[in-house]
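Trainee: Sequence:
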Amino acid sequence: MNRKDNRRSILGLVVRPREQLRMAASITGWAVLITFALVISVVISLRGFIERWSDMTGVDAEVASIFRNSLVPALGLVAFTLIALALLVLFLIVKRSHRYYGPLIPIQRHIDNMIKGDFTSRVHLRDGDEMMELRDSLNKLAETLQSGKR
Numbered sequence: 019m020n021r022k023d024n025r026r027s028i029l030g031l032v033v034r035p036r037e038q039l040r041m042a043a044s045i046t047g048w049a050v051l052i053t054f055a056l057v058i059s060v061v062i063s064l065r066g067f068i069e070r071w072s073d074m075t076g077v078d079a080e081v082a083s084i085f086r087n088s089l090v091p092a093l094g095l096v097a098f099t100l101i102a103l104a105l106l107v108l109f110l111i112v113k114r115s116h117r118y119y120g121p122l123i124p125i126q127r128h129i130d131n132m133i134k135g136d137f138t139s140r141v142h143l144r145d146g147d148e149m150m151e152l153r154d155s156l157n158k159l160a161e162t163l164q165s166g167k168r
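Position one of the sequence shown corresponds to residue 19 (my numbering), numbered consecutively onward.
A couple of the hints might just be wrong.
To be verified - Computed spacing ranges between beta-carbons, pair by pair:
(1) Tyr118 / Lys158: 20 to 26 Å
(2) Pro91 / Lys113: 32 to 38 Å
(3) Lys158 / Arg114: 40 to 46 Å
(4) Trp48 / Glu161: 40 to 46 Å
(5) Ala55 / Tyr118: 15 to 21 Å
(6) Pro91 / Asp130: 54 to 60 Å
(7) Asn131 / Ile101: 42 to 48 Å
(8) Glu80 / Ala49: 36 to 42 Å
(9) Met74 / Gly146: 47 to 53 Å
(10) Glu80 / Arg40: 48 to 54 Å
(11) Leu100 / Arg70: 23 to 29 Å
Since the hints were derived computationally from the structure, they do not count as laboratory data.
Yeah, the Cβ is synthetic: ideal placement off N, Cα and C, and Gly gets one too.
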């Protein structure tokens with residue numbers, strides 16, 4: 019199998035879509051909301067600063083107006099950048115959460131097999147996945163049940 023066949027698709031990262039996306043959206047939403055609040059407060063402060071600066075220095079009202087009006091496109095650029103960063107953070111959170119939610123599928127299958135009486139079943143997880151201790155305990159439980167020991 020070559021390296022290209024071994025790669026996972028982006029959709030393969032979504033194991034538990036509702037839980038993963040809820041967590042990612044929550045974290046991303048709060049980060050974007052806080053950042054927007056900070057940007058808006060900075061812009062409002064700058065507008066006030068420009069007005070005071072123009073009054074103190076006697077700068078022409080038209081020049082001060084140009085400075086104030088240039089803040090709106092800058093805010094748009096910042097908002098666009100924040101949206102791009104939010105999408106990147108959303109992707110990274112879903113990718114990271116796959117390490118937690120991904121192992122749940124083979125663990126659930128293993129438990130279902132044991133409920134059906136198949137004690138030869140074992141849990142196999144990828145290197146780096148979370149819940150390795152749980153995997154080891156479930157495999158040990160299956161071995162104990164398979165051997166008939168109590």
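Trainee: With reference to the structure, classify each hint as holding or not holding.
Mentor: Going down the list of hints, with the structure as the test:
Taking 20 to 26 Å as the suggested C-beta distance range, the pair tyrosine 118 and lysine 158 conforms, at roughly 22 Å. The supplied range of 32 to 38 Å is met by proline 91 and lysine 113, whose beta-carbon atoms lie about 33 Å from each other. About 28 Å separates the C-beta atoms of lysine 158 and arginine 114, a value inconsistent with the hinted range of 40 to 46 Å. The hint said 40 to 46 Å for the Cβ distance between tryptophan 48 and glutamate 161, and at roughly 45 Å that hint holds.
For the hinted restraint 15 to 21 Å between alanine 55 and tyrosine 118, the CB-CB distance of approximately 30 Å leaves it violated. In this structure, proline 91 and aspartate 130 meet the distance hint of 54 to 60 Å, their C-beta atoms being roughly 57 Å apart. Roughly 45 Å separates the CB atoms of asparagine 131 and isoleucine 101, a value that falls within the hinted 42 to 48 Å. Taking 36 to 42 Å as the suggested C-beta distance range, the pair glutamate 80 and alanine 49 conforms, at roughly 38 Å.
Between methionine 74 and glycine 146 the beta carbons are some 59 Å apart, a value that contradicts the proposed interval 47 to 53 Å. Checked against the given bound of 48 to 54 Å, the beta carbons of glutamate 80 and arginine 40, roughly 50 Å apart, stay inside it. Checked against the given bound of 23 to 29 Å, the beta carbons of leucine 100 and arginine 70, roughly 28 Å apart, stay inside it.
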